[in-house]
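Student: Sequence:
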Amino acid sequence: MKSLLTKFKKTGRLWRQSGFLEGTKIIFSYLKIYLESFFVGSGDILFISSGVGNSAHYRVYNVAEELRLHKFKTAITNADNPHLIKMASKFDIFIFHRVVYNNAIKNLIQKIKKQKKEIIFDTDDLVYDPNFLVYMDYFKKISAVEKELYKKGIGSEIINNPYVKIATTPVEFLAEKIRQKGKKVFIVPNRLSNKEIALAEKILKGEKKKDNFIRIGYFSGTLSHNKDFAMIVPALIKIIERYPQVKLCLAGPLEIDKSLNKFKKKIEGIPFVSRDKYFNNLSQVDINLAPL
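So the sequence shown is numbered by the numbering used here: it starts at 9 and just counts up by one.
Each hint should be verified, as a subset may be incorrect.
Stated by the list, open to error - Here are the simulated distance ranges between beta carbons:
#: 1; residue 1: Leu-268; residue 2: Tyr-171; range: 45 to 53 Å
#: 2; residue 1: Arg-199; residue 2: Lys-33; range: 48 to 56 Å
#: 3; residue 1: Lys-114; residue 2: Lys-273; range: 53 to 61 Å
#: 4; residue 1: Phe-36; residue 2: Glu-74; range: 22 to 30 Å
What the hints assert, rightly or not - Restricting the straight-line Cα-Cα distance to at most 30 Å, the calculated cross-link-like pairs of lysine-lysine (DSSO-like) are:
#: 5; residue 1: Lys-121; residue 2: Lys-189
#: 6; residue 1: Lys-173; residue 2: Lys-192
#: 7; residue 1: Lys-255; residue 2: Lys-270
#: 8; residue 1: Lys-191; residue 2: Lys-119
Treat the hints as calculated values from the structure; they're not laboratory data.
We put the beta carbon where it would ideally sit given N, CA and C, even for glycine.
Build out the structure end to end from the sequences listed, making use of the hints.
Tutor: If you want it as structure tokens, here you go:
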């Protein structure tokens, strides 16, 4: 029940960030992915994730595509799947990505352990550690229902389970944090899907906005990047003041520092959009910022 309430809360945020029409389009695409994940056959590797958004897209769906290209029979399911327990007998390797621990996950892990199969923990953030999670902007902005669900850390019970020996993560910083728990860690970078690469190539062949402005873009995917952006605000102010031809393009969920208010005419706001439109928006900036 808490998991469903959390999804409704996220849906409301998405509508506020993207507007009704664009938000509805994104929500229906997520709903399609969510429902499809309930229909799983059998194979070598199963990804289990609690979400269908950006994190799951890059850490689950695109990585699964890469594994399939290397002839591994790979499937994806959502942690809400009512038939989750049956998956233990259908696969050999289970990769848990940002999975909130509950009785269904507990029972699945117990069955996997009885069959002596492999469990891999995947994360792209420190959300599994409650000591870090409570200080993240993302955690401070979410609803009380979500805070209650996440307060112990997302997947902390899995990464701290002695049976789990292996973890995957996209960067060395996180790998080192997980190695401190005695786990063997493999760095698996985020990747674009073949469809996204084809889309990007098509966009690059198109025309770019023609004017005399140089656009500097910052594209935020979640509420967790406010502090990242705040670090570079002083430098951006100096650039805007010094170079009149510069415009700042700010996309997605982001709190903008009051010190930027005097530059409103130089700032272009872009709402959170579908992934296809995101690539097009990205192509229109001259410089893309990533202060992570």
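Student: Measuring from beta carbon to beta carbon, are Leu-268 and Tyr-171 in 45 to 53 Å?
Tutor: holds, 49 Å
Student: So if I understand the rule, the pair passes when the alpha-carbon distance is 30 Å or less; does Lys-173 with Lys-192 pass?
Tutor: holds, 6 Å
Student: Is it true that the C-beta distance of Arg-199 to Lys-33 lies inside 48 to 56 Å, as the hint says?
Tutor: violated, 24 Å
Student: Is the gap between the beta carbons of Phe-36 and Glu-74 within 22 to 30 Å?
Tutor: holds, 26 Å
Student: Verify the CB-CB distance for Lys-114 and Lys-273 against the hinted window 53 to 61 Å.
Tutor: holds, 55 Å
Student: Could you grab the alpha-carbon distance between Lys-191 and Lys-119 and see if it respects the 30 Å cut-off?
Tutor: holds, 21 Å
Student: Can you confirm whether the C-alpha distance between Lys-121 and Lys-189 stays at or below 30 Å?
Tutor: This hinted pair holds, its Cα atoms lying about 20 Å apart.
Student: Decide if the proposed pair is consistent with the structure: Lys-255 and Lys-270, CA atoms, cutoff 30 Å inclusive.
Tutor: holds, 13 Å
Checked against the numbered hints above, the structure breaks only hint 2 and satisfies the rest.
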